[in-house]
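Visitor: Since chain A is already given, all that's left is putting chain B on it; use the hints.
There are 2 protein chains.
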Amino acid sequence: MFDYKLLSALAAVVEQAGFERAAQVLGLSQSAISQRIKLLEARIGQPVLVRATPPSPTEIGRRLLNHVQQVRLLERDLQSAVPALDDEGLPERLRIALNADSLATWWAPAVGDFCAEHHLLLDLVVEDQTVGLKRMRAGEVAACLCASERPVAGARSVLLGAMRYRALASPAFIARHFASGVSAALLPKAPALVFGPDDFLQHRYLASLGVDGVFEHHLCPSSEGFIRLTEAGLGWGLVPELQVREQLENATLVELVPDKPIDVPLYWHHWRNGGQLLGQLTEHLSRSASRWLVPLA
Amino acid sequence: MFDYKLLSALAAVVEQAGFERAAQVLGLSQSAISQRIKLLEARIGQPVLVRATPPSPTEIGRRLLNHVQQVRLLERDLQSAVPALDDEGLPERLRIALNADSLATWWAPAVGDFCAEHHLLLDLVVEDQTVGLKRMRAGEVAACLCASERPVAGARSVLLGAMRYRALASPAFIARHFASGVSAALLPKAPALVFGPDDFLQHRYLASLGVDGVFEHHLCPSSEGFIRLTEAGLGWGLVPELQVREQLENATLVELVPDKPIDVPLYWHHWRNGGQLLGQLTEHLSRSASRWLVPLA
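First to last, the protein sequences are chains A and B.
When we follow UniProt numbering, the leftmost residue of the first sequence carries the number 1, and every step to the right adds one.
When we follow UniProt numbering, the leftmost residue of the second sequence carries the number 1, and every step to the right adds one.
Chain A extracted, bound-state conformation:
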């Protein structure tokens, strides 16, 4: 079998983003960690880490981490039967990639009790869907929540529901830019908010109103910042309905065009052989997500 002391050292360096913290977490000296990594590399005959700040795994390093992640999930299933085998005595961690808007809204209430009950710690990674699935493929995460259905090899995807987005702006913004109504001629000159280069929701919305091509926009890669900028009248943007219930009630944010939402599906991707805990979390999410998400039309 593999030497898991060496593999744990590799996992710790990557997960803790450095040799020093890895040493602290494993209760070893930094030079012991260093030696384990070197020994691992000597055995494999190639480097497993790129020595940068923070250190990142090489291609073969990624494949080893993928393996470690899956072994850990399988070990978890045995732990309740044979607790003495777990020499670290630490609670289980799951690394999960998810979209920023889910994390800013329904994710925490959906998993809170589950985590407390199973003594589960989360390493959350905020990624747009393409990168999230890439991390899944590389074995860097145990699961991934994203808008894309197609699972990577070895994983399954399950539809949890859809997030409903509405194109919102402050009343002052609408008065300034659309005093005589929203039109395809005015839209490109009224600043939009765009989350980042992979966010095409605003493009889709504009296309549905007959606007193609370039439009003025701010870039704001933060869910909460997005709402704050909308409220402060910097621009209009597509915002999860879940996140602005209060603002819609108070009419501090209003829809550009009445009742014209965009629904974005959310799929939960998880390893097929991901162990019992991941399976239970998957069941839990499948059961409960409909409290926050809408059915996909």
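Wrong hints could be hidden among the right ones.
Which bits of chain A does chain B cover? Going by a derived footprint, with three or more residues having C-beta under 8 Å, they are [unchecked claim]:
1. 8-19
2. 34-48
3. 102-115
4. 226-234
FYI, nobody ran anything at the bench for these hints, they're computed from the structure.
We put the CB at the ideal spot given by N, CA and C, even for glycine.
Guide: Same frame as chain A, now just chain B:
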């Protein structure tokens, strides 16, 4: 003088994260953009772009972008006098790096009117302070808001005030983990929330209570997600007071130890020769930030 057609193509490819979008924004074909980049590289005698997805600048590419950014800021000063010189007819953009918590709280109300009045579009980049300053040094951003005072060469820093953080948890979390009071013995076993590998606020808070070394924690790289996880009882964490006024009033979040805040200073770093608009924004922030920030003790 430099050929700014070539440099604009480089800037567009990096800012739009791809050749296709760069072409769209500049109203050129993709092959025209490609040729301009190749011509630029032929003149310089070395590559300016790493052809990855998204493309990233090489070392020399970064220095050219730095230069473009500064030239744009200087051009802005002339535009009101000689508007015809601006052949693109686009509003001004400023790329600014800032911490996630500022963006989630006071940033938007502080700059909203300023942006509308000056027809300024923002490219916001969320970065922890080290990376923010690195981007400043590389000329990728015009300004940077972070906790570190020391400016990079060619820039100035000005103290805007401090954000006040409080260590908060839900009443249910406190009942579960600290039924008989918060103690140094219990703290490491009660899951904390940590923003990412460079977030040491929770470590500082624990150290002030006599806890050193490893403690259980979730990782959550999202300001809003941080609050949601705290509310859902997954852990305790240091949260900007500004962001949870309502939760503190309702007592849906409570302090672990009464009235024991941590104040984190915020410095505004900006180029010395950054042009009039950046100067005006700096003055505006210096004047208005105290509405949201506390004086640094």
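Visitor: Now, for every hint given, state plainly whether the structure supports it.
Guide: Hint check results:
1. 8-19: holds (count 3)
2. 34-48: Check failed, 0 qualifying residues.
3. 102-115: holds (count 10)
4. 226-234: With 6 residues in contact (Cβ-Cβ under 8 Å with chain B), the coverage given for the stretch 226-234 of chain A holds.
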